[in-house]
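These protein sequence lines map, in sequence, to chains W and V.
Mapping to numbering that gives the first Met the number 0: the first sequence position 117 is 116, numbers consecutive.
Mapping to numbering that gives the first Met the number 0: the second sequence position 164 is 163, numbers consecutive.
Please keep in mind that the hints were generated in silico from the structure rather than gathered at the bench.
A portion of the hints provided could be inaccurate.
List time: in silico BS3-like cross-link candidates among lysine-lysine, alpha-carbon distance up to 25 Å [what the hints assert, rightly or not]:
#1 Lys71(V) <-> Lys34(V)
#2 Lys130(V) <-> Lys34(V)
#3 Lys34(V) <-> Lys114(W)
#4 Lys71(V) <-> Lys15(W)
#5 Lys34(V) <-> Lys175(W)
#6 Lys34(V) <-> Lys180(W)
#7 Lys34(V) <-> Lys10(V)
#8 Lys114(W) <-> Lys173(V)
#9 Lys173(V) <-> Lys135(V)
#10 Lys71(V) <-> Lys38(V)
#11 Lys114(W) <-> Lys124(W)
#12 Lys135(V) <-> Lys38(V)
#13 Lys8(W) <-> Lys38(W)
#14 Lys38(V) <-> Lys130(V)
#15 Lys176(V) <-> Lys130(V)
#16 Lys38(W) <-> Lys15(W)
#17 Lys114(W) <-> Lys38(V)
#18 Lys176(V) <-> Lys175(W)
#19 Lys117(W) <-> Lys38(V)
#20 Lys130(V) <-> Lys124(W)
#21 Lys173(V) <-> Lys124(W)
#22 Lys71(V) <-> Lys10(V)
#23 Lys176(V) <-> Lys114(W)
#24 Lys130(V) <-> Lys117(W)
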Amino acid sequence: MNGIVIWMKLFWTFFKIGLFGFGGGYGMLSLIQNEVVEKQHWISNSEFTDIVAVSQMTPGPIGINSATYVGYKAIENGGMSRTEAMLGSLLASFSVMLPSFILMLLISAFFMHYKTHKSVQTVLKWLRPVVVGMLAAAVLLLLNEENLGGFQRDNLQLYVSIGLFILAFIATYFWKIGPIKVILIAGLFGGLFYSLV
Amino acid sequence: MLFDLFITFFKIGLFTIGGGYAMIPLLQREVVEHKGWLKDEDFLDLMAIAQSAPGVFVVNMSIFVGYRVRGKRGSVACALGAAMPSIIIILAIALFAGNYRDNRIVENVFKGIRPAVIALILTPTIRLASKAGLNKWTWWVPVATALLIWWIGVSPIWIILAAIVGAILYYILKLRKA
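With the rest of the complex left out, here is chain V (with noise of 0.2 Å):
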């Protein structure tokens, strides 16, 4: 269970390609889809928690996922797997490979892969708004978060605290309520 964890963050780590978003629609596959691990729900309060967390996107989520599958060992499994990849190809390039960067055949290689990865992305974004419980009054909470991120340039750290005070408010006038 442990070495399946490791090769299967092994493998997400060295296609995780274009920034720690980009490790969604592997985790996505592998973990939900094809291992079953996690549902999708637990995958989007992961991610809250991961995002507000400071350090390596990717590390915390493999921490968390390990975590949740198979507890401490688990977590040390999965982002040791995550990493691996990353550290293997930088160290082989500063050992062998100086010049690395100048090389046009790869960089052509990502030329081709950075759009694709973007569509990569939006999969899992329109399959999860499916599992967020979006209704006629939440709709415009994952529109007004992207537009502020986007376009304001707002941290998404800010409105995860935002979200988490206005959940804790709410909580607390329906208790008085009831």
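So here's chain W without its partners, still in its complex pose (with noise of 0.2 Å):
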């Protein structure tokens, strides 16, 4: 592909990924593969495996994490410098990042305007216990065979991550301690007990 058109390509495919990617994070997936993947040809179906197991093992939201990823990967295979590949997953990452710019910023403005209407006030006490049905769901759902290492009876591993869960539980609720703390121990926890066992 030749030159401006692979950036502008670029930027168009992230665009839409960011203003069509409803449902947080997994939801993108489908649709980033789709684009990537299945019409563009960047990356293989193998490499975009890599990056959801990536994006597994590094902090950030996984929308920035596969741009930025996808963003280089797609310059490189072109056939282009290194130098060109960072612009290429910097470009990528912007573009996922900005109908969200725009649409916030309208929301924003309106949301600002009308949040002391009587109407818009009763819209948002009615959504304030959804908002929390919402959390509460999300932890139910990070319960899984994946974070906890698989729910056969004799798995050491879930219940260590039973353990952790509960440990991480009272340290914050209880014992007030920050979350990046809490982090921090068990990741360090992880490292050393899963490398030693």
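Quick one: dock chain against chain with the hints and give me the complex.
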């Protein structure tokens, strides 16, 4: 693919992903795969699986992670230099964020203007309990085999995970320890424990 | 102030591990408790809107909080701050560590982090429940919402839309009566 076209395609593809990607990170994955693997052939299916795996092993939202990675690979696989590939990853990452900016600024401006109006207040009052339910659902959904290490009864990782879950809850809820500290301690523990066992 | 926003969200982005909602405990700790930029109630409102909009949840949430605190520039500072750690780390992996995903130690570190993160999300859920105005008439709403999403697989967007429609109908009926 020649020069300018791939940059424009990169921008437009990730702009679309940002605009139509509903339902959070994993909801976006199928859209990303469809655009990037099947339509544009920028990366192979196994490279795509790699991104998902790497996203689970790095911080940050999967939408940004995959944009950065695909932006790099698309330019690199197109035969350009590493510097250009880095620019590609920046372009893809900003393109996926751009629709959010446009939409959110419109919504924010509207919201700030009408937030004291009775009708908006009523809507917000109704929404708050729903949001609490959404958070509770996230907790339930995350208590899965992938995060806990499988539900077989003789699985050591399952018991360690349950222990870490309970301890982390006690630490944050009762002892008011900050989330960053808990993550660092849990990570250090996992790194030492699972490497030694 | 803008730099403070950027650094705070950089920190939040760096420790948002395991999906968008992992950002909630960090946001609550840094933005509500430490900095006092938002109240818990504001937080619930912003979450409902960020979840119903398309795009990356973490980015949406950052833009919103940034806009609330410091207008348009604030939203740019927060969103860039939250996205920057991802971009830097993924670029570093693409450039230098092609075999990162086969790294045993990294895998083990994340085996420890993932179950802890779930508990980290549970804590603000309980705390926010007390700020959501729940009473004997409304306690079932979060329970039903959680079950619909978790068990039946309904998208949160539909439940949010249903609540908005319900609230507007209720408001119109109340206006008529008055």
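The hints, checked one at a time:
With a C-alpha separation of about 19 Å, the suggested pairing of Lys71(V) with Lys34(V) holds against the 25 Å cut-off. For the given pair, Lys130(V) sits about 19 Å from Lys34(V) by alpha-carbon distance, which is consistent with the 25 Å threshold. Taken as a hint, the Lys34(V) and Lys114(W) pair is honoured in the structure, with Cα atoms around 23 Å apart against an allowance of 25 Å. A distance of roughly 23 Å separates the Cα atoms of Lys71(V) and Lys15(W); the hinted pair therefore holds under the 25 Å criterion.
Straight-line distance between C-alpha atoms of Lys34(V) and Lys175(W) comes to about 16 Å, which keeps the hinted pair within the 25 Å bound. Proximity of Lys34(V) to Lys180(W) is assessed by CA-CA distance (about 18 Å); at most 25 Å being required, the pair is judged to hold. Among the hinted pairs, Lys34(V) with Lys10(V) is consistent with the structure: their alpha-carbon atoms are about 14 Å apart, no more than 25 Å. Proximity of Lys114(W) to Lys173(V) is assessed by CA-CA distance (about 19 Å); at most 25 Å being required, the pair is judged to hold.
Of the pairs offered as hints, the one joining Lys173(V) and Lys135(V) holds, with about 21 Å between alpha carbons and a cut-off of 25 Å not exceeded. A threshold of 25 Å between alpha carbons decides the hint, and for Lys71(V) with Lys38(V) the separation of about 20 Å falls inside it, so the pair holds. With a CA separation close to 12 Å, the supplied pair Lys114(W) and Lys124(W) stays within the 25 Å bound. With a CA separation close to 24 Å, the supplied pair Lys135(V) and Lys38(V) stays within the 25 Å bound.
Simply put, Lys8(W) and Lys38(W) have alpha-carbon atoms about 11 Å apart, close enough for the 25 Å limit, and the pair holds. With a C-alpha separation of about 10 Å, the suggested pair Lys38(V) and Lys130(V) falls inside the 25 Å cut-off, and the hint holds. Annotation: proposed proximity of Lys176(V) to Lys130(V) is violated, straight-line Cα distance about 29 Å (limit 25 Å). In summary, the hint linking Lys38(W) to Lys15(W) is supported, as the alpha carbons are separated by about 13 Å, within the 25 Å threshold.
Using a Cα cut-off of 25 Å, the hinted pair Lys114(W) and Lys38(V) holds, with the two alpha carbons roughly 15 Å apart. This hinted pair does not check out: Lys176(V) and Lys175(W) have alpha carbons roughly 47 Å apart, beyond 25 Å. Note on Lys117(W) and Lys38(V): the hinted pairing holds, with a Cα-Cα distance of about 20 Å set against a maximum of 25 Å. Note on Lys130(V) and Lys124(W): the hinted pairing holds, with a Cα-Cα distance of about 11 Å set against a maximum of 25 Å.
For the hint linking Lys173(V) to Lys124(W), the alpha-carbon distance of about 15 Å falls within 25 Å, and the restraint holds. At roughly 20 Å between alpha-carbon atoms, Lys71(V) and Lys10(V) fall within 25 Å of each other, so this suggested pair holds. Under the criterion of a C-alpha separation no larger than 25 Å, the hint pairing Lys176(V) with Lys114(W) is consistent with the structure, at around 23 Å. Simply put, Lys130(V) and Lys117(W) have alpha-carbon atoms about 19 Å apart, close enough for the 25 Å limit, and the pair holds.
Going through the hint list in order, the structure does not satisfy hints 15 and 18.
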